[in-house]
Amino acid sequence: MNSEKRFKIKILTTLLFVFLGVTLNVFNIGLNETFNFSTVGNYLIYIGFIGLIVSFLTKKKNSKKIVDERMIQIAFEASRWTIVFFVIISFALIIFDAIMPITMEYKYFLSYLVCTVILFHLGAYMVLLKKK
Amino acid sequence: MKLSKNELKQFREKKGLTQEELAKRLEVTRQTIISIETGRYVPSIVLALKIAKFFKTNVEKIFDV
Chain V
1 MNSEKRFKIK ILTTLLFVFL GVTLNVFNIG LNETFNFSTV GNYLIYIGFI GLIVSFLTKK
61 KNSKKIVDER MIQIAFEASR WTIVFFVIIS FALIIFDAIM PITMEYKYFL SYLVCTVILF
121 HLGAYMVLLK KK
Chain P
1 MKLSKNELKQ FREKKGLTQE ELAKRLEVTR QTIISIETGR YVPSIVLALK IAKFFKTNVE
61 KIFDV
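Residue numbers (the numbering used here), protein chains in the order written: chain V, 1 to 132; chain P, 1 to 65.
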């Protein structure tokens, strides 16, 4: 998939988030407080706008950047490493939870886990990029 | 770890090109050229053909097959 097509898909997805958010707000759906945002609609609008900003900034930054086949191959390998890491860390957490129960709130726990996985992927990619 | 033997460095030097210049011509990164030259990365058929076409030679003359 070329970068232009990928950019269009990103923009359409983020606009869909904004549209869904506005629709939910208009029809008063999902008014319960979700993750400290007043409504589900507002949450979707927030994600949509953040996505739009990130998409435009990434496009501007990467307009002259070369992405070749080696980098794509390394990204796939980093993904494989990340999956293995995720499985190992899941097992470790199950064992840890059995020894010392995790009392952290679910939303924080998940946020930390996702951030760790993303950071691991980034680290694995950087290491492989230098190594290969 | 060396994965493949190739003559890319010799071909490049014969043409008087730097790794950076060759990378630009082939639309890849300099790191990719370094990896191919040192045998740490085996290029795809498409890239191998592109390299061969650039040096106006056959793939088997550059890459050990």
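Possibly wrong hints are sitting among the right ones.
Derived Cβ-Cβ restraints for the label pairs, each shown as a range [stated by the list, open to error]:
{"id": "1", "chain 1": "P", "residue 1": "38", "chain 2": "V", "residue 2": "65", "range": "19 to 27 Å"}
{"id": "2", "chain 1": "P", "residue 1": "39", "chain 2": "V", "residue 2": "67", "range": "18 to 26 Å"}
{"id": "3", "chain 1": "V", "residue 1": "84", "chain 2": "P", "residue 2": "38", "range": "21 to 29 Å"}
{"id": "4", "chain 1": "V", "residue 1": "84", "chain 2": "P", "residue 2": "20", "range": "31 to 39 Å"}
{"id": "5", "chain 1": "V", "residue 1": "61", "chain 2": "P", "residue 2": "21", "range": "35 to 43 Å"}
{"id": "6", "chain 1": "V", "residue 1": "85", "chain 2": "P", "residue 2": "49", "range": "47 to 55 Å"}
{"id": "7", "chain 1": "V", "residue 1": "84", "chain 2": "P", "residue 2": "21", "range": "19 to 27 Å"}
FYI, nobody ran anything at the bench for these hints, they're computed from the structure.
Built from N, CA and C at the ideal position, the CB exists for glycine as well.
Against the structure, the hints come out as follows:
no.: 1; hint: P:38 with V:65: 19 to 27 Å; result: 23 Å, holds
no.: 2; hint: P:39 with V:67: 18 to 26 Å; result: 23 Å, holds
no.: 3; hint: V:84 with P:38: 21 to 29 Å; result: 27 Å, holds
no.: 4; hint: V:84 with P:20: 31 to 39 Å; result: 35 Å, holds
no.: 5; hint: V:61 with P:21: 35 to 43 Å; result: 24 Å, violated
no.: 6; hint: V:85 with P:49: 47 to 55 Å; result: 36 Å, violated
no.: 7; hint: V:84 with P:21: 19 to 27 Å; result: 39 Å, violated
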